[in-house]
Amino acid sequence: MQLSVRSRAPGTPKRGFIATGASIVKKESPLGLYKGLGAVVTGIVPKMAIRFTSFEQYKKLLADKQTGVVSSQAIFLGSCFPHSCYILCA
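Under my numbering, the residue at position 40 of the sequence shown is numbered 40, and the numbers go up by one with no gaps.
Hints listed in this document are in silico derivations from the structure and should not be mistaken for laboratory results.
It is possible that part of the hints are untrue.
Per label pair, the in silico range of CB-to-CB distance [claimed, not checked]:
1. 68 <-> 24: 47 to 57 Å
2. 83 <-> 13: 37 to 47 Å
3. 50 <-> 9: 16 to 26 Å
4. 80 <-> 38: 29 to 39 Å
5. 34 <-> 75: 27 to 37 Å
6. 62 <-> 27: 26 to 36 Å
7. 11 <-> 84: 43 to 53 Å
8. 70 <-> 12: 57 to 67 Å
9. 39 <-> 77: 26 to 36 Å
10. 88 <-> 65: 23 to 33 Å
Ideal Cβ positions, reconstructed from N, Cα and C, are used throughout, including at glycine.
Given only the sequences and the hints, what does the whole structure look like? Please build it.
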C-alpha cells in the first residue's frame with residue numbers, strides 16, 4: 001500500500017488491483033509480479049514440514065494401541081498439536 005501511495009502524484013486517483021498489476025507488468029515484466037515470493041516460500045516450507053511431520057507423529061501416538069485405529073478425536077487432537085508445536089519451536 002505504501003508503494004502505491006508513494007508513486008502516486010498528488011491529486012491523482014488511487015489505482016485498483018488490476019491497474020497496479022498492469023503497471024508492474026509494464027515497468028518490470030510479468031516476472032515482477034513474483035518479486036518477494038522466494039522469501040515467502042522460504043518461510044512456508046519449513047513451517048508446513050514441521051506441521052505435517054508432527055501431525056503424523058501425534059496421530060501415531062494417539063492411535064489405539066491394540067487395533068492401530070485412529071479415532072476422530074485423535075485426528076482432531078493430532079491436528080491441533082502441530083500448530084502449537086510450531087508456535088513453540090518457531
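Hints, one by one, checked against the model:
no., hint, verdict
1, 68 <-> 24: 47 to 57 Å, "53 Å, holds"
2, 83 <-> 13: 37 to 47 Å, "42 Å, holds"
3, 50 <-> 9: 16 to 26 Å, "46 Å, violated"
4, 80 <-> 38: 29 to 39 Å, "31 Å, holds"
5, 34 <-> 75: 27 to 37 Å, "36 Å, holds"
6, 62 <-> 27: 26 to 36 Å, "53 Å, violated"
7, 11 <-> 84: 43 to 53 Å, "50 Å, holds"
8, 70 <-> 12: 57 to 67 Å, "59 Å, holds"
9, 39 <-> 77: 26 to 36 Å, "33 Å, holds"
10, 88 <-> 65: 23 to 33 Å, "27 Å, holds"
In this structure, the earlier hints numbered 3 and 6 are contradicted, and the remaining ones agree with it.
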